[in-house]
Amino acid sequence: MTTPAAPPPPLSGDLQAAVLAALGTEHAAVWSYGLVSAFLPTADTAAVTAASLAHRERRDAVVALLARAGVTPPTAAAAYRPPSPVTDATSAAVLAIVAEDDVAAAWRAVAERTEADTGGELRRLALDAVTTSATTSVTWRRIAGRTPLVPAFPGDGSAT
Amino acid sequence: MSGIVGGDTRVGTPRRTVLQGAAAVVAVTGLAAAGCARDEGPDELEAPLAAARADAATAAAAAAAYPDLAARLTPVADARHAHADALAAEIRRARPDRAPVVDATPAPADRPASAAAALTALRGSLGTARDAAGALALTTASYRCGLLTSVAASCAGQATVLA
Numbered sequence: 001m002t003t004p005a006a007p008p009p010p011l012s013g014d015l016q017a018a019v020l021a022a023l024g025t026e027h028a029a030v031w032s033y034g035l036v037s038a039f040l041p042t043a044d045t046a047a048v049t050a051a052s053l054a055h056r057e058r059r060d061a062v063v064a065l066l067a068r069a070g071v072t073p074p075t076a077a078a079a080y081r082p083p084s085p086v087t088d089a090t091s092a093a094v095l096a097i098v099a100e101d102d103v104a105a106a107w108r109a110v111a112e113r114t115e116a117d118t119g120g121e122l123r124r125l126a127l128d129a130v131t132t133s134a135t136t137s138v139t140w141r142r143i144a145g146r147t148p149l150v151p152a153f154p155g156d157g158s159a160t
Numbered sequence: 001m002s003g004i005v006g007g008d009t010r011v012g013t014p015r016r017t018v019l020q021g022a023a024a025v026v027a028v029t030g031l032a033a034a035g036c037a038r039d040e041g042p043d044e045l046e047a048p049l050a051a052a053r054a055d056a057a058t059a060a061a062a063a064a065a066y067p068d069l070a071a072r073l074t075p076v077a078d079a080r081h082a083h084a085d086a087l088a089a090e091i092r093r094a095r096p097d098r099a100p101v102v103d104a105t106p107a108p109a110d111r112p113a114s115a116a117a118a119l120t121a122l123r124g125s126l127g128t129a130r131d132a133a134g135a136l137a138l139t140t141a142s143y144r145c146g147l148l149t150s151v152a153a154s155c156a157g158q159a160t161v162l163a
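If you read the protein sequences in the order shown, they are chains A and B. Residue numbering for the first sequence is 1 to 160, as defined by full-length UniProt numbering. Residue numbering for the second sequence is 1 to 163, as defined by full-length UniProt numbering.
Hints listed in this document are in silico derivations from the structure and should not be mistaken for laboratory results. Because the structure is a prediction, the values reported are computed rather than measured. We treat Cβ as the ideally placed atom computed from N, Cα and C, and that holds for glycine. Treat the hints loosely; a few may be bogus.
Output of the computed footprint for chain A on chain B, the stretches with three or more beta carbons under 8 Å from beta carbons of chain A [claimed, not checked]: (1) 67-80; (2) 135-146; (3) 149-156.
Whenever a hint applies, use it, and build me the whole structure from the sequences.
Have a look at this one:
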């Protein structure tokens, strides 16, 4: 993994905005899983815990990367507004899907703004983020009755 | 559909804005990629294109041979077919000279020996496709990085469904 001494990737204005947006979706995902966990059966506790941990670890990696680049990262909002009310397991799974889709879309946008020679660290983060989003969402799409279980192009904005 | 919104400030770039920005980047990098694309030898996307076509054919053949598998394998065939279309379109755009290769009719898949064999083969090839697309995403041009990142993620998800 990245060492503290690693040089920061060059963050142009456009790329930096995309990275900050991705960090925002990680914050939102961590918050969302806190809400989701209250509505899902205990059988899904391990899945929620693993998903939440993945977002916190990536959030921390992005914060460290930004610090190396001299960028002060925005903190999480105190609360977030789900696009639809969360009242049961199905609506909780829907929120988890939205959170994962937001993360995937934001990180694909980061990937598209990186260059091959300087973007390795961010590209690896993006690949991990979009991949984990696609695999994690399978569980939530099953609960919510969504098909297909895996989008053809996670992060391209067309997933439902 | 809007994403999750912060309590008092909008956190994260709205989906629509992200897509608009991405479209602009695609246009710019498209020109750059066309300008510096290697014009000799195969395009780097021909290997993932062949893998996507092979998976689509394998999944479709297995779904036809074993109707019990159709519900699980038809989405795999659809996704890999979509991957092949997107990869072929990008090769045609950047490398018109490779269009004959892209337009060649892929070989039909053999009927799998058994349902279990079909699932095992697809799990393996999807895992290989995930790794290959992910590796190529790290070294390729900006637009292709986004496309290959999504393809790798989708293959990872499809392999999870078949696990």
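Consistency of the hints with the structure:
1. 67-80: holds (count 3)
2. 135-146: Since three or more residues must qualify, the claim that chain A covers the segment 135-146 of chain B holds, with 9 doing so at under 8 Å.
3. 149-156: holds (count 7)
Violated hints: none; the structure is consistent with every hint.
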